[in-house]
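Given only the sequences and the hints, what does the whole structure look like? Please build it.
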Amino acid sequence: MESQELDKDSVVRKLRSWDAQAVSEVIESRGETTVFIRREYIRRVAEFLATEPSLGFTFLSDITSVDRFPLEPRFEVIYHLLSLERRERLRLKVRLPGNEPVIASLTPVWPTANWHERESFDLMGIRFEGHPDLRRILMPDDWEGNPLRKDYPVEGFR
Amino acid sequence: MTTTVETTAGASKAMVLNMGPQHPSTHGVLRVILELDGEIVVKALPEIGYLHTGIEKSCESKTYSQAITLTDRIDYLAPLSNNLCYCLAAERLIGLEVPKRAQYIRVLLTELTRITSHLVWLGTHAIDLGAMSVFLYSFREREEIMKIFEYVSGQRMMTSYFRIGGLALEPPPGWLDRVRRVVESLPGHLDEYEDLLTENRIWIARTQGVGIISAADAIAMGASGPLLRGSGVAYDIRRVFPYSSYDEFDFNVQTQTAGDCYARYLVRLAEMRESIKIVRQAMEKIPPQGPFRAEAPGIIPPSREEMKTSIEGLIYHFKIFTEGFAPPPGEVYQAIESPRGELGVFMVSDGSAKPYRVKFRTPSFVNLQSLPRLCEGRLIADVVACIGTTDIVLGEVDR
Numbered sequence: 001m002e003s004q005e006l007d008k009d010s011v012v013r014k015l016r017s018w019d020a021q022a023v024s025e026v027i028e029s030r031g032e033t034t035v036f037i038r039r040e041y042i043r044r045v046a047e048f049l050a051t052e053p054s055l056g057f058t059f060l061s062d063i064t065s066v067d068r069f070p071l072e073p074r075f076e077v078i079y080h081l082l083s084l085e086r087r088e089r090l091r092l093k094v095r096l097p098g099n100e101p102v103i104a105s106l107t108p109v110w111p112t113a114n115w116h117e118r119e120s121f122d123l124m125g126i127r128f129e130g131h132p133d134l135r136r137i138l139m140p141d142d143w144e145g146n147p148l149r150k151d152y153p154v155e156g157f158r
Numbered sequence: 001m002t003t004t005v006e007t008t009a010g011a012s013k014a015m016v017l018n019m020g021p022q023h024p025s026t027h028g029v030l031r032v033i034l035e036l037d038g039e040i041v042v043k044a045l046p047e048i049g050y051l052h053t054g055i056e057k058s059c060e061s062k063t064y065s066q067a068i069t070l071t072d073r074i075d076y077l078a079p080l081s082n083n084l085c086y087c088l089a090a091e092r093l094i095g096l097e098v099p100k101r102a103q104y105i106r107v108l109l110t111e112l113t114r115i116t117s118h119l120v121w122l123g124t125h126a127i128d129l130g131a132m133s134v135f136l137y138s139f140r141e142r143e144e145i146m147k148i149f150e151y152v153s154g155q156r157m158m159t160s161y162f163r164i165g166g167l168a169l170e171p172p173p174g175w176l177d178r179v180r181r182v183v184e185s186l187p188g189h190l191d192e193y194e195d196l197l198t199e200n201r202i203w204i205a206r207t208q209g210v211g212i213i214s215a216a217d218a219i220a221m222g223a224s225g226p227l228l229r230g231s232g233v234a235y236d237i238r239r240v241f242p243y244s245s246y247d248e249f250d251f252n253v254q255t256q257t258a259g260d261c262y263a264r265y266l267v268r269l270a271e272m273r274e275s276i277k278i279v280r281q282a283m284e285k286i287p288p289q290g291p292f293r294a295e296a297p298g299i300i301p302p303s304r305e306e307m308k309t310s311i312e313g314l315i316y317h318f319k320i321f322t323e324g325f326a327p328p329p330g331e332v333y334q335a336i337e338s339p340r341g342e343l344g345v346f347m348v349s350d351g352s353a354k355p356y357r358v359k360f361r362t363p364s365f366v367n368l369q370s371l372p373r374l375c376e377g378r379l380i381a382d383v384v385a386c387i388g389t390t391d392i393v394l395g396e397v398d399r
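Residue numbers (the numbering used here), protein chains in the order written: chain X, 1 to 158; chain S, 1 to 399.
Do not take every clue at face value.
One-sided excerpt, in silico: chain X residues whose CB lies under 8 angstroms from chain S [stated by the list, open to error]: (1) Ser10; (2) Thr64; (3) Phe69.
In silico SDA-like pairs for lysine to any residue, Cα to Cα no more than 25 angstroms straight-line [said to hold, decoys possible]: (4) X:Lys93 x X:Ser83; (5) X:Lys93 x S:Gly330; (6) S:Lys57 x X:Ser83; (7) S:Lys308 x S:Gly298; (8) X:Lys93 x S:Gly54; (9) S:Lys308 x S:Ala168; (10) X:Lys150 x S:Ile94; (11) S:Lys43 x S:Ile212; (12) X:Lys93 x S:Pro328.
Short, incomplete list of chain S residues facing chain X, as computed with Cβ under 10 angstroms [unchecked claim]: (13) Lys57; (14) Arg92; (15) Ala220; (16) Val240; (17) Glu331; (18) Tyr333; (19) Arg357.
Think of the hints as simulated: they come from the structure by calculation, not from any bench.
Ideal Cβ positions, reconstructed from N, Cα and C, are used throughout, including at glycine.
Here it is as structure tokens:
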């Protein structure tokens, strides 16, 4: 158990020693590590985590987003990474302002990000810059609004 | 839905064909836009969303317990796996310890779920490729397991049997005898399927060397479950991140290296045999007596007896079913090995009685992304084999 704790620290330590500016905050809770990344660094951080041999976060489990409306910064984009060799999970989080929910696409780093990012674009209205095919995936193409936003009603008229 | 396909082949040769959403071998309402050069697939573009029901949004307006019924409907071929993943996430959020007896019963039932799910996959995959009789046999065996689910939970498909903190009910008397009867007959039936398929020349011709994906590609595409293990990556969450006491069970993670449809067929068949092994061990481990859910007043409903005779019981009962309960603020990501791969639930609590955000990371959604890689450059008839081998459930793809 203790060695695992040290391992977890070492991801954060490596990330910090690689670029201290990229990480804004680290939270350890319920046995999970969440690293907050500044928006403009996410693409470089992703490349570092995926390609650094001693980390090996080659598997992207999931990308999702949370709407904190009416708080600001309103959106959180959440990445769940997995290192198959280290048997370790890592959560990255990026906060985005409500008036400009734009973030760099990670599809060039992990091809699986393609549909995850399209889903967040479709349901939460987050734009991923540099995405090869950013269009709605679950809702019809002519749909208006983003259903998972908190100001979008569960039933009735929009 | 309007979709334009940019053609890459010469305009005179290319033909665009819509496969689905009403096509029997797309296993639901999947639509694949195929760009064909003669019989060769140049480009495949899966279009999804025809079964989107907004389950994640609906969860936000239900209490934590109410949302369990929605999870049944995500992957309707493996409802107990969904129940388990959701409940584990909620339990970690609250910090509940589930009694061992309930954990073992959960393991037993989810392994039976894996077998039923693989049986449906085997039957439909075989009928897609022209082997009719396997379909009839596998559904016969599946029915026997569905009867166990009905006996235990009262429902064949939408079980909702796992609840936060344990199980919904004490399993009925004699249920393990029924499980034993089924489990004893299953290995013989699996041999029957293998007799029909494993060395069948037509089956081999339709699956071997078809839909190949390399280990590196599978990882890059986020593939999990048999799709990843068929390419030689031994990633099984039951082993790597054990949950619900899986670390106490003895089983092998099945892998093949070829990465084609035939390899994935072998992986799934072997997995069914491993599941039988786990079910047998669970039958030994489950104590005949003991609690089937945790003790947590205010979160777990009191027993009928308590509710009728004590004032606290009545109050808790009333509060749980009218207001629900509020886990502390925070978030968890819980993943389990569903029959199709990594099923994850990301749950965010804001300290109220309803989940602030629930995200289902469903294996079908992610695995389907690999479909173009599997079938591009191959014959159109192989598309059917490739869809079958990814083992998608459209309810899970679209949620």
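Now for the hints, and whether the structure bears them out:
1. Ser10: Violated. Min distance 19 angstroms.
2. Thr64: holds, 4 angstroms
3. Phe69: violated, 11 angstroms
4. X:Lys93 x X:Ser83: The given pair, whose Cα atoms are some 17 angstroms apart, holds under the 25 angstroms limit.
5. X:Lys93 x S:Gly330: Status holds; Cα separation ~14 angstroms.
6. S:Lys57 x X:Ser83: violated, 30 angstroms
7. S:Lys308 x S:Gly298: holds, 16 angstroms
8. X:Lys93 x S:Gly54: It holds: about 24 angstroms lies between the C-alpha atoms, which stays within 25 angstroms.
9. S:Lys308 x S:Ala168: holds, 18 angstroms
10. X:Lys150 x S:Ile94: Distance ~24 angstroms between lysine 150 (chain X) and isoleucine 94 (chain S) Cα, so the pair holds.
11. S:Lys43 x S:Ile212: The hint holds at about 16 angstroms.
12. X:Lys93 x S:Pro328: holds, 20 angstroms
13. Lys57: holds, 6 angstroms
14. Arg92: holds, 6 angstroms
15. Ala220: Nearest chain X Cβ about 5 angstroms off; hint holds.
16. Val240: With a minimum Cβ separation of about 5 angstroms from chain X (threshold 10 angstroms), the hint on valine 240 (chain S) holds.
17. Glu331: The hint holds - glutamate 331 (chain S) has a Cβ within 10 angstroms of chain X, the shortest such distance being about 8 angstroms.
18. Tyr333: holds, 6 angstroms
19. Arg357: holds, 5 angstroms
The structure is inconsistent with the numbered hints 1, 3 and 6, although it conforms to all the rest.
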